[in-house]
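The listed protein sequences derive, respectively, from chains L and G.
Mapping the first sequence onto the numbering used here, position 141 (from 1) lands on 141, and the numbers just tick up by one.
Mapping the second sequence onto the numbering used here, position 33 (from 1) lands on 33, and the numbers just tick up by one.
For the record, the hints were derived by calculation from the structure and aren't laboratory data.
One should not assume that every hint holds.
[Stated by the list, open to error] Here are some chain G residues pointing at chain L (derived, C-beta under 8 Å):
1. Arg4
2. Ile7
3. Val34
4. Thr95
5. Val106
6. Thr137
7. Gly170
8. Asn171
[Unchecked claim] Interface residues of chain G toward chain L, partial, derived using beta-carbon atoms under 7 Å:
9. Phe23
10. Ser29
11. Ile31
12. Gly33
13. Ala43
14. Asp54
15. Ala55
16. Ser97
17. Val128
18. Val136
19. Gln190
20. Leu192
21. Tyr205
22. His315
23. Glu319
[Claimed, not checked] Once the Cα atoms are required to be at most 27 Å apart in a straight line, the calculated DSSO-like pairs of lysine-lysine come out as:
24. Lys28(L) / Lys47(G)
25. Lys28(L) / Lys150(G)
26. Lys47(G) / Lys47(L)
27. Lys45(G) / Lys151(L)
28. Lys212(G) / Lys26(L)
29. Lys150(G) / Lys151(L)
30. Lys225(L) / Lys151(L)
31. Lys45(G) / Lys225(L)
32. Lys103(L) / Lys22(G)
Backbone N, C-alpha and C fix where the C-beta goes; we use that ideal spot for every residue, glycine too.
2 protein chains.
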Amino acid sequence: MKGRTEIAELGEFGLIDHLTAKFQNKNKSTICGVGDDAAVIEASKDKAVVVSTDAMLEGVDFDLTYFPPKHLGYKVVTKGISDVVAMNAVPEQITLSLGISSKLSVEFLDDFYEGVEFACKEAGVDLVGGDTSASVTGFIINITAVGRAKKSEISYRSGAKEHDLICLTGNLGASYMGLRLLERERRVLQGLGDAVTPKFEGYEYLLERYLKPRARYDMVESLRKEGIVPTSMIDITDGLASEVLQICKSSKCGARIYLERMPLAKQTTALAEEMNIDPVIAALNGGEDYELLFTVPLELREKIVNLGCIDIIGHITAESTGAALVTPDGSTIALQAQGFTPKTTAKE
Amino acid sequence: MKGRTEIAELGEFGLIDHLTAKFQNKNKSTICGVGDDAAVIEASKDKAVVVSTDAMLEGVDFDLTYFPPKHLGYKVVTKGISDVVAMNAVPEQITLSLGISSKLSVEFLDDFYEGVEFACKEAGVDLVGGDTSASVTGFIINITAVGRAKKSEISYRSGAKEHDLICLTGNLGASYMGLRLLERERRVLQGLGDAVTPKFEGYEYLLERYLKPRARYDMVESLRKEGIVPTSMIDITDGLASEVLQICKSSKCGARIYLERMPLAKQTTALAEEMNIDPVIAALNGGEDYELLFTVPLELREKIVNLGCIDIIGHITAESTGAALVTPDGSTIALQAQGFTPKTTAKE
Chain L
1 MKGRTEIAEL GEFGLIDHLT AKFQNKNKST ICGVGDDAAV IEASKDKAVV VSTDAMLEGV
61 DFDLTYFPPK HLGYKVVTKG ISDVVAMNAV PEQITLSLGI SSKLSVEFLD DFYEGVEFAC
121 KEAGVDLVGG DTSASVTGFI INITAVGRAK KSEISYRSGA KEHDLICLTG NLGASYMGLR
181 LLERERRVLQ GLGDAVTPKF EGYEYLLERY LKPRARYDMV ESLRKEGIVP TSMIDITDGL
241 ASEVLQICKS SKCGARIYLE RMPLAKQTTA LAEEMNIDPV IAALNGGEDY ELLFTVPLEL
301 REKIVNLGCI DIIGHITAES TGAALVTPDG STIALQAQGF TPKTTAKE
Chain G
1 MKGRTEIAEL GEFGLIDHLT AKFQNKNKST ICGVGDDAAV IEASKDKAVV VSTDAMLEGV
61 DFDLTYFPPK HLGYKVVTKG ISDVVAMNAV PEQITLSLGI SSKLSVEFLD DFYEGVEFAC
121 KEAGVDLVGG DTSASVTGFI INITAVGRAK KSEISYRSGA KEHDLICLTG NLGASYMGLR
181 LLERERRVLQ GLGDAVTPKF EGYEYLLERY LKPRARYDMV ESLRKEGIVP TSMIDITDGL
241 ASEVLQICKS SKCGARIYLE RMPLAKQTTA LAEEMNIDPV IAALNGGEDY ELLFTVPLEL
301 REKIVNLGCI DIIGHITAES TGAALVTPDG STIALQAQGF TPKTTAKE
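Chain L with its partners taken away, still in its complex shape (with noise of 0.2 Å):
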């Protein structure tokens, strides 16, 4: 009889190599399978059809108590496409598939579907299909994205060559100073009824970063039209340092990320500050900012300084340097990855 190996012994990415390792494609139309931000598929001679999916469970993902139904249609949209604006390629089309509670109203998916709506509006998507199935156990949503770009545009994992810089759109943790305020607000909060409200003044920016992120599918635009192909893109999901380790994993390489180059939003570090969390590790496996990494030819930085709203965080190394944090006087962390393990009880 087989034995018993709990999902916590191998960790997220452990099981994904362990599960998929087996699989091997044999259909010409595929052109990469597993192991990016999205598959890419042939759709004629020289374009191909990118599609990834992601889910969002309730009690995991999101807690209803405090994520208004209109901004979770909002995320899981973003949450969607971004893998698609990862790999270089314009997003266009979406599939929704709910599981579906009776604790939730007609009036709750109305909602959730408005915000949907508003985020397909905004990024120029096309919702085109979905499944709804009755859920027994909260609310279970699933997006598939489906995007277009031409072949050569396409930007893996596993381009980036040592020398290339590391870039990065926006800021980071501002997303999980938002979760964390969340947490705070509905702990204060809890007993006290409606005589308390919470106190959010002053970190607007950080719940909108939380509840209502925008996927950056501006860049995607924006590098083809200065004629840059990245040679490696991920989205940071599960924080800066697991994105820089699966690109370092793809593209068999290192990297250098140095501290003081870290763009941290101010309210994002006078939350922290508050709540004595350093900033750096928010940045570093906090998640969910759904801004674009980017490898780039050191030849290229002129034009990167000249988009204006990139961050040159540091430059790709040979493997056998590994992945590290440089700090200030020069010393150097090992990059540590976070992947989810299975929770054993229900949040409720």
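Dock chain G against the given chain L, drawing on the hints supplied.
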């Protein structure tokens, strides 16, 4: 303040219509959106990619006390690619998104993926991506299937014309009776320990149809060889009645289905008799047959008969006549659809 409308008041199909009414497609590449088995997206001048998504939830769509993980892996692939097949397209890729609870072991997932791999090999499809999340509430599976077809060969639900023949592959109700058998044996065994084994002899076919159904991708090939493009097509997942009504709604037509032409397997009628169930009800409302229901012009009757494995069970009529079952004495019974209604308690 808004009132609260229960989802059960609208029903599954009413809910989908309600939620998606406001959405309009904007992208040129969106050929067909919500409302068919799969979305149709332009690939090149004459080719299209079709995309479909489906969820399977523990406690709703399957019960792990009698569903072996290997079969579950096989069945979820069938469920996904059956929608692609129902567009008359060739399935080529799938992605899997899993919600995994700590109750599940690595060995369980190994078995599950073995079933996935077996089904993929058999159908010639590639597993190209996925997502894994922690689930606090059981095993959650979402499959997205991608296929390809010439635009001119895609069968929508909306193309059926008056006088078209209504055709059906295979037989109906076997999967439903397989499920009823498993549920009966589980009840019989509850509390009796290992001393008693379930009684499945003589009904192995029904178990296979429920636990390990095969999608009819063979039919896409057969139809193509004969030069037949169905005027409409749908796969049988919610029972014949529901699927006939879907075609009638999309094609703005009526239908007559002849009771005596309903294909039923011997084991289906035998177990139905034993359990005092009307086998016609199993066929009409049972679902999960993964057979294909399609329409062709009257003049293709001989070609269809020559294919050898297809029953002509009725014909398309004018919209005003509605969709009905015709009994041997010539009387008609209006067909009624069944969708899900959210469950209020977990099965466990």
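Hint check results:
no., hint, in the structure
1, Arg4, "holds (5 Å)"
2, Ile7, "holds (6 Å)"
3, Val34, "holds (6 Å)"
4, Thr95, "holds (5 Å)"
5, Val106, "holds (4 Å)"
6, Thr137, "holds (4 Å)"
7, Gly170, "violated (23 Å)"
8, Asn171, "violated (25 Å)"
9, Phe23, "holds (5 Å)"
10, Ser29, "holds (5 Å)"
11, Ile31, "violated (9 Å)"
12, Gly33, "holds (4 Å)"
13, Ala43, "holds (4 Å)"
14, Asp54, "holds (5 Å)"
15, Ala55, "holds (5 Å)"
16, Ser97, "holds (5 Å)"
17, Val128, "holds (4 Å)"
18, Val136, "holds (4 Å)"
19, Gln190, "violated (20 Å)"
20, Leu192, "violated (22 Å)"
21, Tyr205, "violated (27 Å)"
22, His315, "violated (29 Å)"
23, Glu319, "violated (25 Å)"
24, Lys28(L) / Lys47(G), "holds (15 Å)"
25, Lys28(L) / Lys150(G), "holds (16 Å)"
26, Lys47(G) / Lys47(L), "holds (12 Å)"
27, Lys45(G) / Lys151(L), "holds (17 Å)"
28, Lys212(G) / Lys26(L), "holds (23 Å)"
29, Lys150(G) / Lys151(L), "holds (21 Å)"
30, Lys225(L) / Lys151(L), "holds (17 Å)"
31, Lys45(G) / Lys225(L), "holds (26 Å)"
32, Lys103(L) / Lys22(G), "holds (24 Å)"
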